[in-house]
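S.K.: Top to bottom, those sequences are chains A and G. In this text, residue positions in the first sequence follow my numbering: the first is 1, and each later residue adds one. In this text, residue positions in the second sequence follow my numbering: the first is 1001, and each later residue adds one.
Hints may contain errors.
[What the hints assert, rightly or not] Not everything, but these chain A residues come out facing chain G in the computed CB check (under 7 Å):
| # | residue |
| --- | --- |
| 1 | L41 |
| 2 | R42 |
| 3 | V46 |
| 4 | A47 |
| 5 | R110 |
| 6 | G114 |
| 7 | I116 |
| 8 | Q146 |
| 9 | Q147 |
| 10 | R150 |
| 11 | A209 |
| 12 | D486 |
| 13 | V488 |
| 14 | F489 |
The hints are simulated quantities; they were obtained by calculation from the structure and are not laboratory data. These numbers were taken from a predicted model, which means no experiment stands behind them. A virtual CB, placed ideally from N, CA and C, is assigned to each residue, including glycine.
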Amino acid sequence: MNQIHSFDAAVIGGGLTGLRAAVEVAEAGLSVAVISKVHPLRSHSVAAQGGMNASLGNNQEAGEDSWEAHAFDTVKGSDYLADQDAAAVLCQAAPAAVLEMEHWGTVFSRDAEGRIAQRPFGGAGFPRTCYAADRTGHNLLHTLHQQARRRGIVFFEEHCATKLQVERGACIGFTAYNLLSGEMEGFRTNACLLATGGYGRVYAHSTNAHINTGDGNHLALQAGVPLKDMEFVQFHPTTLFGTNILISEAARGEGGLLLNRHHERFMERYSPTVKELAPRDIVARAIQKEIDIGNGFEGGFVHLDLTALGKDRIMEVLPGIHQISVDFAGVDPVEAPIPVQPGQHYSMGGVDAANDCATSLPGLYAAGECACISVHGANRLGGNSLLETIVFGRIAGTSMSKHVRGRPSTPSAALMGALKSESLRITALRSSGEGNERMRAIRNELKSTMWRSFGIFRERGSMEKGLDAIRSLQRRARMVKVGDKDEVFNQAVIGVLELQAMLPVSEAIAVGALAREESRGSHARVDFPKRDDQRFLAHSLVTSSDGGMSLSYVPVRTGQFPVKERAY
Amino acid sequence: MNLIVYRSSGPHKPRYDSFEIEVKRGMTVLDALFQVRDEVDDSLSFRYSCRGAVCGSCAMLINGRPMLACRTQLEKLLEQAPELKLAPFPAAKGRMGYDADIEVLVEPLPNLPVIKDLAVDMTSFFEKLEQVEPYLVPLAPIPEREYMMERKFVNELEKFTNCILCAACYGACPVNAEDASYTGPAALAQAYRFAIDPRDERGKERLAMEDKPSGWPACRFYSNCHKVCPKGVPPNYAISKARKELSEREKGA
Chain A
1 MNQIHSFDAA
11 VIGGGLTGLR
21 AAVEVAEAGL
31 SVAVISKVHP
41 LRSHSVAAQG
51 GMNASLGNNQ
61 EAGEDSWEAH
71 AFDTVKGSDY
81 LADQDAAAVL
91 CQAAPAAVLE
101 MEHWGTVFSR
111 DAEGRIAQRP
121 FGGAGFPRTC
131 YAADRTGHNL
141 LHTLHQQARR
151 RGIVFFEEHC
161 ATKLQVERGA
171 CIGFTAYNLL
181 SGEMEGFRTN
191 ACLLATGGYG
201 RVYAHSTNAH
211 INTGDGNHLA
221 LQAGVPLKDM
231 EFVQFHPTTL
241 FGTNILISEA
251 ARGEGGLLLN
261 RHHERFMERY
271 SPTVKELAPR
281 DIVARAIQKE
291 IDIGNGFEGG
301 FVHLDLTALG
311 KDRIMEVLPG
321 IHQISVDFAG
331 VDPVEAPIPV
341 QPGQHYSMGG
351 VDAANDCATS
361 LPGLYAAGEC
371 ACISVHGANR
381 LGGNSLLETI
391 VFGRIAGTSM
401 SKHVRGRPST
411 PSAALMGALK
421 SESLRITALR
431 SSGEGNERMR
441 AIRNELKSTM
451 WRSFGIFRER
461 GSMEKGLDAI
471 RSLQRRARMV
481 KVGDKDEVFN
491 QAVIGVLELQ
501 AMLPVSEAIA
511 VGALAREESR
521 GSHARVDFPK
531 RDDQRFLAHS
541 LVTSSDGGMS
551 LSYVPVRTGQ
561 FPVKERAY
Chain G
1001 MNLIVYRSSG
1011 PHKPRYDSFE
1021 IEVKRGMTVL
1031 DALFQVRDEV
1041 DDSLSFRYSC
1051 RGAVCGSCAM
1061 LINGRPMLAC
1071 RTQLEKLLEQ
1081 APELKLAPFP
1091 AAKGRMGYDA
1101 DIEVLVEPLP
1111 NLPVIKDLAV
1121 DMTSFFEKLE
1131 QVEPYLVPLA
1141 PIPEREYMME
1151 RKFVNELEKF
1161 TNCILCAACY
1171 GACPVNAEDA
1181 SYTGPAALAQ
1191 AYRFAIDPRD
1201 ERGKERLAME
1211 DKPSGWPACR
1221 FYSNCHKVCP
1231 KGVPPNYAIS
1241 KARKELSERE
1251 KGA
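Using the sequences and the hints given, assemble the complete structure.
M.R.: What follows is the structure, given as structure tokens:
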């Protein structure tokens, strides 16, 4: 019964990166499929709020902007870990990426003259963040989905990719679990893009959607492709207290203030020049420190005060933040400050990919949050991730198109074999008797371990315990069974597949974090508080082999901007 | 409190299961569903993703009204009845009633076939959306920079671009319930959204596409669509504007 589909190229993940790549492949006249665990419009890209950076220079009062200035801010923000040639690619392509989305239908907010409006963002020397109110991701995702449908791209919704097929040293397809039918399906393709987004749900406190479980990172690890810089995990300074729903950096860009329980604007102490608009790692640490030393409010939060903006401005440029605060915290930000705390938000690390999105495995590409190219280094600037999805989605599409031309997807007997073994694996989960381990218990222990041991502040002892705990959870996870015996729409199976991704991805984060004996960007070691360029101006690479994980380093590609101490 | 959940799977006769939930402050219907799945029954099926009311996955009937499970708090449901009354539409069929002081009733969206429990087949909803060709075809000449656009156009477009395609309106529409061919509120709102976009090649010409018995004219202005929309999108307003424009055009011809 198991089906094998054949396409010139396939994209795993239906968010902005995946859709942009698929559009590019379709424009090249090739057949392309998008395989997504959810309907593409439910992808986490939809939740991006504040905007997309580009040196359009529309804010003329602020002077001349340039891609070089954008690249400098990006590299400095990255604590000099970004590869400077990659950051150049990103920033040079930025204006065209914004304009392309505008021409395809995105309704960006406008200035008084009708140009795309641009707002200030953290770590940026210029107001260069383009936005659609505070629903930028939503607007971009719907636009790209519309343009993808227009081009006849084939969608496999609610399909969860389970394993890449590697033959003679190349990726030639993959298997995917069809949630609706409960069957495994094969995809034969000579170019496959991982565009699965982040893994935020391995943390107890995350802004990420429930679906962000590191699936693509896991697929790469399984196929022997290294993950790069996984220890760099971004904690967003302002997530709603309790639910950790994102409260956009735009709230501070528009003039929101951070206040502790003594009503003190504490960022003046941590970042005297730019205060609330320091990069995220710095603001997140400041908030956490205030909470830790007793300056937070009871329960562990600080205030984000927007009241000075006034109702009209809030409703015009931050309507989503207004709605989130009212709906989820019962606070009207026009009247009262929003309770916020830091939470996991973004993964700077990911599948090791070159500037053309190629991985070390021929035929396999990676882009977007699941990849590490590396443009964000040790800390990503707000407004650079939406940009990354559009720029590197396009580049990935171009690379895949070049790769597959004249290379037909001929049938593969081995893929048929893999399809059978993957089917059996799922059947075993579903049909055998009750296991003695519950998915939920393991998942929740993992989340609290990651938050405790690999959170905002890290130190050896706690991380060693954390790594041991992750490894023991992996052993326990082998005993997990699902109670749901249905074939149709069995989400318990998806839950186990996700857990099987979350555990090794967490281990990769842990291995990278323990070995990096310095503090850089988001990676703050209490026991190694200084940056150490002698030893660690380098990307970490974690590869999975024979049940273990091995670690190596490659140097950062510096160049235009001299490596300096980072001060704001 | 008790969460009363519609259950349906394969050939089995649909039923209602009751789950006891210990309500914590701020707990949403989605949180409660996860709690049931994690602690009691992992076969309970429902769609979810962002949990922040932006992805549109979790629209379902909650106490007989289409709402997003992720932004609906249990405490508030137990405290008060929703304020805006809806025109009758086919809500709960199996369960006759519930005690609103101690129970919350959760069922799949109407007007779409049930796949399993609270997950419905959205195919027809998205097919109708396709029918209005919901994508911008940029008006030539395409500028080197952005199309200049006055803020008043942005404000008008935003009313409709805020749609998250959750299908709450489709589930609440009495016309959709009677007439399976009706294009429905969300798709019509999108048809209007592209018709008024000054950057679109066809612009207002697009209105003609839905000038057919199953399109604009089929709406009877119950306005359930606007009342249940979690994003405040007004399909009823789009439809009335489109009809007015078309009738003026007819008069002019």
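S.K.: Now tell me, hint by hint, if it's right for this structure.
M.R.: We went through each hint and held it up to the structure:
no. : hint : in the structure
1   : L41  : holds (6 Å)
2   : R42  : holds (4 Å)
3   : V46  : holds (5 Å)
4   : A47  : holds (5 Å)
5   : R110 : holds (5 Å)
6   : G114 : holds (4 Å)
7   : I116 : holds (5 Å)
8   : Q146 : holds (4 Å)
9   : Q147 : holds (6 Å)
10  : R150 : holds (4 Å)
11  : A209 : holds (4 Å)
12  : D486 : holds (6 Å)
13  : V488 : holds (6 Å)
14  : F489 : holds (4 Å)
Against the hints set out earlier in the document, no violation occurs for any number.
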